[in-house]
Amino acid sequence: MARLTFLGNVHKYSGKELSMDKPTTVLLPKDDLVFPLSQHIGAPAKPLVSKGDPVLVGQKIGEADGLISSNIISSVSGTVKAIDKRLTATGRMVESIIVTDDNEYTKIDGMGQDRDYTKMSDDEIREAVKEAGIVGLGGAGFPTHVKLTPKDPSKIDYVIVNGAECEPYLTSDYRIMIEEPDKIIHGLKILLRLFKNAKGIIAIEDNKPKAIEKIRELIAGESNIEIRVLKSWFPQGGERQLVYATTRRRLNSKKLPADVGCIVNNVSTVAAIYMAVAKSTPFTHRIITISGDAIVEPQNFYVPLGMNFSEILEAAGGLKTQPKKIVFGGPMMGQAMYTYDVPVTKTTSTLLGFIKDEAAVEESPCIRCGRCHTYCTLNLMPNQLHMAGRHNEDEKFLKLDGMECCGCGCCAYICPANISLTQTIVQTKQRIQINKNIDHELYELHKESVVNE
Amino acid sequence: MSDLFNVSAAPHIRTPIKTKTIMQDVIIALLPASLFGIFNFGLRALLVILATVLSCCITEYVYCRLMKKPVNPWDYSDIVTGLLLALNLPVGIPIWMAVVGGVFAILIVKMLYGGLGQNFMNPALAARVFLLISFPSRMSTFALDKITSPGLRDYLRDGALVLDGVSGATPLGQLKAGQTVDLFKMFVGNIGGTIGETSALALLIGAAFLMYRKVISLRIPLTYILSFAVFALIFGGQGFDVNYLFGQILGGGLILGAFFMATDYVTSPATPKGQIIYGVFLGILTGIFRIIGSGVEGVSYAIIIGNLIVPLLDSVTRPRAFGKERVKNGR
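From first to last, the protein sequence lines stand for chains A and B. Be aware that the first sequence starts at 1, since it is given in this note's numbering, and climbs by one per residue. Be aware that the second sequence starts at 1, since it is given in this note's numbering, and climbs by one per residue.
Just so you know, these hints were derived from the structure itself, not from any lab. Heads up, the beta-carbon is just placed ideally off N, CA and C, and yes, glycines get one too. Hints may be right or wrong, so weigh each one.
[Unchecked claim] Pairwise CB distance ranges, derived in the manner of DEER restraints:
1. B:217 - A:317: 43 to 51 Å
2. B:320 - A:220: 36 to 44 Å
3. B:320 - A:339: 38 to 46 Å
4. A:390 - B:240: 27 to 35 Å
5. B:312 - A:393: 18 to 26 Å
6. A:23 - B:226: 53 to 61 Å
7. B:8 - A:124: 42 to 50 Å
8. B:305 - A:442: 35 to 43 Å
[Stated by the list, open to error] Reference excerpt, derived from the structure (chain A facing chain B, CB under 8 Å, subset only):
9. 108
10. 250
11. 252
12. 256
13. 366
14. 404
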């Protein structure tokens with residue numbers, strides 16, 4: 001079968017070999033743990049504890065506030081030290097619950113109990129996912145229980161499990177596919193119970209042959225689950241790109257995968273769903289990749305949420321030399337930070353340390369080579385959008401479909417003149433999102449620019 | 001504060017292929033044709049190449065200095081312009097004329113419109129056309145063989161003095177006059193013409209290198225040559241005459257123009273659809289100039305006129321954004 005893919009692409013140094021074959025090591029926290037109340041898209045959670053309260057492993061310490069929000073679960077037992085603003089990997093100060101670890105890891109009652117998911121109702125499954133505080137672990141952090149509740153579940157044709165992990169250097173999804181593939185398969189089976197008419201698809205890039213082999217073995221005999229091998233290039237794991245590559249259905253920026261009959265979840269999310277539903281275990285731990293050329297021993301760790309990144313970095317042997325750049329997430333879409341003194345949250349999968357800052361280069365004039373357009377997976381004209389953005393020509397920006405940009409970073413990566421295309425486009429998008437609420441004309445234009453039939 | 005790391009918006013990595021790398025590739029791709037030109041026409045060809053390249057580089061440097069602009073950090077684009085211009089000049093051109101061409105290309109066509117990436121015409125071709133209009137007879141006296149000279153002074157000042165006896169009609173002229181041409185000689189390049197246009201073989205080697213390095217795609221050159229061939233087939237009045245058709249394709253500056261000048265990033269469309277329309281447009285224009293018009297050459301004119309419709313092509317051929325449905329009525 002031909003390998004599946006989508007429009008443009010970027011083929012680059014993957015950096016995955018640094019940490020790919022390093023088995024995951026379990027790390028225990030030493031210091032206080034920090035649980036930001038906002039680790040997801042949507043409203044921040046409401047704290048359920050106050051200073052001095054005792055907490056247990058798996059205890060809900062923050063409650064989802066509103067429709068799109070997520071619970072916050074403690075990953076250790078101990079006492080609440082404070083509720084205060086703390087710096088997170090997003091660069092923002094976020095209201096957080098700080099817990100002092102008693103190093104006893106006492107679990108709450110019922111945690112870890114086996115449950116037979118085949119006897120659970122759909123609503124019970126959704127409730128279990130919601131209670132466990134699961135969000136999209138691929139990086140976006142969209143609350144998973146909301147995703148699992150589309151208008152009409154019977155209209156979902158495909159449940160896609162995203163194991164592409166297309167960002168360079170990232171290996172946490174790979175490790176979970178290698179080490180605990182059965183969790184993913186069972187998680188997918190749970191999802192398929194929710195969507196009776198759907199077929200399960202596990203999508204993996206072809207640079208992970210071992211993972212493909214493992215999953216293939218496990219799904220042998222499953223009539224309703226199949227594996228799709230994808231070409232290894234970026235951004236194969238982007239939601240719109242992945243849906244197109246696996247089902248040939250097209251999504252624009254205003255549509256959700258559910259609108260074209262698809263539900264997309266990351267492999268780690270699916271494994272977390274299995275743990276929550278079948279093992280009564282809320283989402284409290286995740287795999288973190290520490291990598292990059294500035295790290296002494298790039299590797300993968302299994303750590304509790306809330307643990308400080310400096311502790312994990314220490315466990316990886318620390319830094320070779322003072323890096324120029326620290327990135328949380330992948331180098332294409334991740335967040336650069338001025339410090340690594342931040343807690344692990346649900347969506348931070350990676351810490352990268354780079355000796356050289358490749359992005360710190362001077363711009364030269366655009367030579368209209370058209371590479372940005374060729375490599376744009378969404379068929380946009382990044383150079384024109386960039387000029388419109390720089391000149392504050394919002395109207396032109398909207399006419400050129402600038403709001404469709406997914407911010408994957410391919411155009412800025414490929415630009416031979418080092419022009420900050422993605423950066424300008426994303427910034428202009430944000431500006432228009434804000435301005436359209438106060439500028440009626442812009443609002444109308446914006447509405448027009450995203451017409452669906 | 002040295003403990004803090006750099007902060008910038010994603011992406012945090014960049015491709016190693018820079019503007020300079022692309023220009024380098026173009027220069028390497030032009031080397032076979034340049035070397036063949038020197039081999040074919042003698043060292044004077046090298047002299048012309050040096051004259052245009054140096055005049056281009058110096059003009060850009062002096063302009064940037066005078067205008068207090070940052071001097072372009074050697075992105076090689078001026079070398080490419082100079083080299084392309086030289087390949088488009090007859091070997092017998094007086095050196096001062098070549099220098100005037102180089103200055104015109106960089107100063108008038110490129111820098112005055114805002115420098116790299118802003119010119120709306122290909123600088124080398126615009127300069128060639130400028131020279132063609134200003135000095136028509138000198139620009140269309142083509143050597144058929146190596147140029148030798150009785151004295152160094154004549155050699156430098158006025159190559160044309162020694163052209164007598166070795167200059168003559170180019171294959172395209174012969175075709176126009178209804179004669180047949182030697183296709184093999186035309187393919188290898190043992191014919192009259194400008195320094196770089198004679199050898200289709202050398203040009204195609206360079207073009208293959210550019211395609212291997214993914215600097216250019218086949219879209220423009222192929223549609224250009226094909227549509228020109230179809231035009232020649234229909235309007236050439238020779239029917240399907242292999243000698244005539246291939247003579248037209250191999251002759252003149254078509255191969256050089258199609259692979260190296262029509263594909264110039266700055267002055268060609270960025271969208272795939274636009275590139276195809278552009279190629280067809282160039283093919284038809286070249287056909288009109290060469291076959292219906294009274295001249296024998298037409299590639300340079302076709303390309304610089306084609307350059308003018310590029311902004312239009314870019315805006316009308318903009319593809320629909322991924323996943324965006326066609327709106328039934330309106331817009």
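Going through the hints against the structure:
no. : hint                      : verdict
1   : B:217 - A:317: 43 to 51 Å : 46 Å, holds
2   : B:320 - A:220: 36 to 44 Å : 41 Å, holds
3   : B:320 - A:339: 38 to 46 Å : 43 Å, holds
4   : A:390 - B:240: 27 to 35 Å : 53 Å, violated
5   : B:312 - A:393: 18 to 26 Å : 19 Å, holds
6   : A:23 - B:226: 53 to 61 Å  : 57 Å, holds
7   : B:8 - A:124: 42 to 50 Å   : 46 Å, holds
8   : B:305 - A:442: 35 to 43 Å : 39 Å, holds
9   : 108                       : 38 Å, violated
10  : 250                       : 4 Å, holds
11  : 252                       : 4 Å, holds
12  : 256                       : 12 Å, violated
13  : 366                       : 5 Å, holds
14  : 404                       : 4 Å, holds
The structure fails hints 4, 9, 12 (numbered hints given earlier, in ascending order).
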